[in-house]
Amino acid sequence: MQDYQSQKPIVLDILDAHRTMPGNLLPILHGIQDTLGYIPSAAVEDIARSLNLSKAEVHGVISFYHYFRTTPPGKHTIRICRAESCQAMNGKALESHAKQTLGIDFHETSSDEHFSLEPVYCLGNCACSPSITIDDEVHGRVTPEKFDQLLAACKGAK
Amino acid sequence: MSRVFISRDSTALSLGAEKVAATLQQLSDTKGLKIEIVRNGSRGLFWLEPLIEVETDQGRVAYGPVQAEDVASLLETGLLEGKQHPLYLGNIEELPYFKNQNRLTFARVGLTDPVNIDDYIAHDGYRGLKNALALQPADIVKHVTDSGLRGRGGAAFPTGIKWNTVLNAPAEQKYIVCNADEGDSGTFSDRMIMEGDPFVLIEGMTIAGLAVGATQGYIYLRVEYPHAKVALNQAIAAAYKNGYLGENIQGSGKTFHLEVRSGAGAYICGEETSLLESLEGKRGLVRFKPPLPAIVGLFGKPTVVNNVISLASIPVILDKGGEYYKNYGMGRSRGTLPLQLAGNIKHPGLFEAAFGMTLREILYAYGGGSASGRPIRAVQVGGPLGAYLHEGQFDTPLDYEAFAAISAVLGHGGIVVHDDSVNMADMARYAMEFCVEESCGKCTPCRIGSTRGVEVIDRIVDGTQKDKNTVLLRDLCDTMMYGSLCAMGGMTPYPVLSSLNHFPEDFGLPAAKA
Ligand SMILES: Cc1cc2nc3c(=O)[nH]c(=O)nc-3n(C[C@H](O)[C@H](O)[C@H](O)COP(=O)(O)O)c2cc1C
Ligand code: SF4
Ligand code: FES
Chain A
1 MQDYQSQKPI
11 VLDILDAHRT
21 MPGNLLPILH
31 GIQDTLGYIP
41 SAAVEDIARS
51 LNLSKAEVHG
61 VISFYHYFRT
71 TPPGKHTIRI
81 CRAESCQAMN
91 GKALESHAKQ
101 TLGIDFHETS
111 SDEHFSLEPV
121 YCLGNCACSP
131 SITIDDEVHG
141 RVTPEKFDQL
151 LAACKGAK
Chain B
159 MSRVFISRDS
169 TALSLGAEKV
179 AATLQQLSDT
189 KGLKIEIVRN
199 GSRGLFWLEP
209 LIEVETDQGR
219 VAYGPVQAED
229 VASLLETGLL
239 EGKQHPLYLG
249 NIEELPYFKN
259 QNRLTFARVG
269 LTDPVNIDDY
279 IAHDGYRGLK
289 NALALQPADI
299 VKHVTDSGLR
309 GRGGAAFPTG
319 IKWNTVLNAP
329 AEQKYIVCNA
339 DEGDSGTFSD
349 RMIMEGDPFV
359 LIEGMTIAGL
369 AVGATQGYIY
379 LRVEYPHAKV
389 ALNQAIAAAY
399 KNGYLGENIQ
409 GSGKTFHLEV
419 RSGAGAYICG
429 EETSLLESLE
439 GKRGLVRFKP
449 PLPAIVGLFG
459 KPTVVNNVIS
469 LASIPVILDK
479 GGEYYKNYGM
489 GRSRGTLPLQ
499 LAGNIKHPGL
509 FEAAFGMTLR
519 EILYAYGGGS
529 ASGRPIRAVQ
539 VGGPLGAYLH
549 EGQFDTPLDY
559 EAFAAISAVL
569 GHGGIVVHDD
579 SVNMADMARY
589 AMEFCVEESC
599 GKCTPCRIGS
609 TRGVEVIDRI
619 VDGTQKDKNT
629 VLLRDLCDTM
639 MYGSLCAMGG
649 MTPYPVLSSL
659 NHFPEDFGLP
669 AAKA
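Note that the protein sequences, when read in sequence, are chains A and B. If you read the first sequence in our numbering, its first letter stands for residue 1, the second for the next number, and so on. If you read the second sequence in our numbering, its first letter stands for residue 159, the second for the next number, and so on.
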C-alpha cells in the first residue's frame, strides 16, 4: 500500500484544476483514478472539504459507480463482457476460463499483482463477441486460446 | 501518393486493424512506395474487418478481412492499383449489404477521415448548420417536427415536441445534453457515429442549441468507449479552431460551447434524469417526473436530452428538409433506424434502413443466418430490457407500433441473435440479475423485486413448487411493471416474461402451443 502523504499533492492539484467546473465531482474522481489507478479512501476527506460535501456524500458517489475502485489495481486490468451478445458467442465459457487461468474471481487481483479482473456489461463490440478489454485495448472474438495468447503477450511486455 | 483507408473503429481495432496499418506502412516504406493511410470509421460490415480500401482510377477498391500476415502478399499482387487477390472485394458500396441500406445518418461513416473538418465539409458537412443559422429558432424546430423524428434512445418520443418545450421555457441559461451512455448490449451505433463521424453529432448539437437558445452542451459518454472520447475531443478541438463552436459561430453572433463528460459504468445513467444527476456530480438516482428535464433539467435549467443518433440525424434534416427525411419509413415511424446486428450471426454489423423491413429479412437476407450454422431460436431486440422474439414473430415489421403490439420494443435498434443452444431460463435469470446489479435503488419493486425474481426463477428451474412459483414470478413481474418509477424495473419483465411465454420448455414447463 502506498501511503497517502505521497499521493495527497496529486489529489490537491486535481481538485484545484477542477475548482470552477460545474458538476465537477465525477471529473475529479476520474482524474484521481486515471493518475493513481484508484481512489484512496484517505482522499475522500480532501475531496469532501474542497467541494463542501460530507464525506458520506463523496463515499456514496464513489460506491454507486461500478468503474471507481478504492484499492490499487494490478498492473493490467482485464474486463470481460458478460452481456447478452457475448453470452450468445460462448462468453460464459470464456469467463470461467479466465477466472481459472488467473486463479481469481471478478473484482480480485492475482497474487503476483499482475492482473485485475472486472466484469463489464457491453463494450459496444458486440459485432465481434465475445469481447474483452485489457487496459484500454479492445479485443474481439476472444476464444480461450486467444485469451491465453493475449495474457502471455502482456506478461512478455511486463 | 496512394490513399489507403484502414479503420480506427473500436471493432476494427479489436480484430487487429492497428497492426495491419503498421505493417502496411512499414512494408511500403521498405519498398519505397508512397502511401497515405487514412484512419477512417468503419463501413459497418464487421465480418470483413479489418478492411483495407484503396483509392484507384476505378474508384475505391476494398480487401478484407485482412490480417497483418496478408499485407505482404497484397502489396505484391498490386494492392495499390486495386488488382485481384483472394481478399479482393471490389467496391464495398456495391455489396448488397451496403447497397440496400438508406444511409442518411451514417452517410459519411467509413468514407471520410472522422476528425478532418475539411473532409467533413467536402462531404456535405455543416450544410444543415448553415441553413439553421439563417432560420428563426421556431422554424428550425418546425423542420424537426415535420421530419417525424422520434428519439432513437429508446422511448421514441417526438424530438420536435421536446425541443419546442425547451424553446418556450423562459430562462437565461439552457442546455443541450447528448445521451451517449449506450448501455444496451448489442448496440454500437452511437459508438460508431462518435468514432466514425463525430462532426455530425457536434453539428446536430449546435443546431439544437440554436433551435432552443442553449449556449452550452455536454456529451455524457460512457467510460467503456475510450476511442470515442479521443475522436470526439479531436473533432471538438477542430470545430473550435475553425469557428464552428464557441463565440460568434461563422460570424453569426451565435454561441455554442461543447464538452465531453465521462460516465463511470452505471447502466442506469442512460436514463435521462439519472444522467443529469450524474452530470451534476451525484449518484445516478432517477428523478421523479414531472417536472420534465425540458423544464427543470441540468442544474435546474431547461434542458434538451437527446440520444446520439437522434442528434446526429438533425444535420441531414436541416440540410434536406423535414419532408425529405419523413419520406422514409412507415406509419408513425419516420426516417431511418441504424440497426445493429450482433450475437450469433454470420454477418454482424451496422445496417441503416428505413423503418418497415422485417426482422426475417435482416436476419437471413443480410445477416446470413446464425454464425454457428445452427437454427436461430431467440432474438432479443432493444437491449437488456427488450423482449425475446421467437421464429413465429420474425415477420413483424420494424416499426415502433408493430413491436408494441407484440409486447416488444425496438429500443435502440440492437438485435442480438441466439442459436438453439441457448437456454432461455438462463437468459430470463440473467435479465433479473442485471436489474439487481444496475437498479438505482430508489424503488422497492425494482431493487428487491429483481433479487426475489432471481430466486423464484431458480426455484422454477429446480422444480421446487413449479406451478406456484410460476404464478409468483408472473405476479412479481406485474408488480415491477406497474410499481416501478422508471423503465429499468418497469421493463425487466419484458425479457423475463417473453422467455417464459415463448420458451416454457426451458423452465421445465409444458411447451407453448404454436
Ligand atoms: C434504464 C434506462 C436506460 C436508458 N439508457 C439509455 C441510453 O443508454 N442511451 C439513450 O440514448 N437513452 C437511454 N435511455 C432513454 C433515455 O432515458 C431518454 O429517453 C433518451 O435519452 C431521450 O433521448 P431521445 O429522445 O433522443 O431518445 C434509457 C432509459 C432507461 C429507462
Ligand atoms: S425502477 Fe429501478 S432503476 Fe428505475 S427508479 Fe426505480 S429503482 Fe431506480
Ligand atoms: S454484449 Fe459484449 S460487447 Fe456488447
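Be a bit skeptical, because a hint or two may be false.
Unchecked claim - Just so you have them, the derived chain A footprint on chain B, three or more residues with Cβ under 8 Å:
hint: 1; region: 179-189
hint: 2; region: 296-309
hint: 3; region: 438-451
hint: 4; region: 496-502
Just so you know, these hints were derived from the structure itself, not from any lab. Virtual Cβ for every residue (Gly too), placed ideally from N, Cα, C.
So which of the earlier hints does this model not fit?
Of the numbered hints given earlier, those the structure breaks are 1, 2, listed in rising order.
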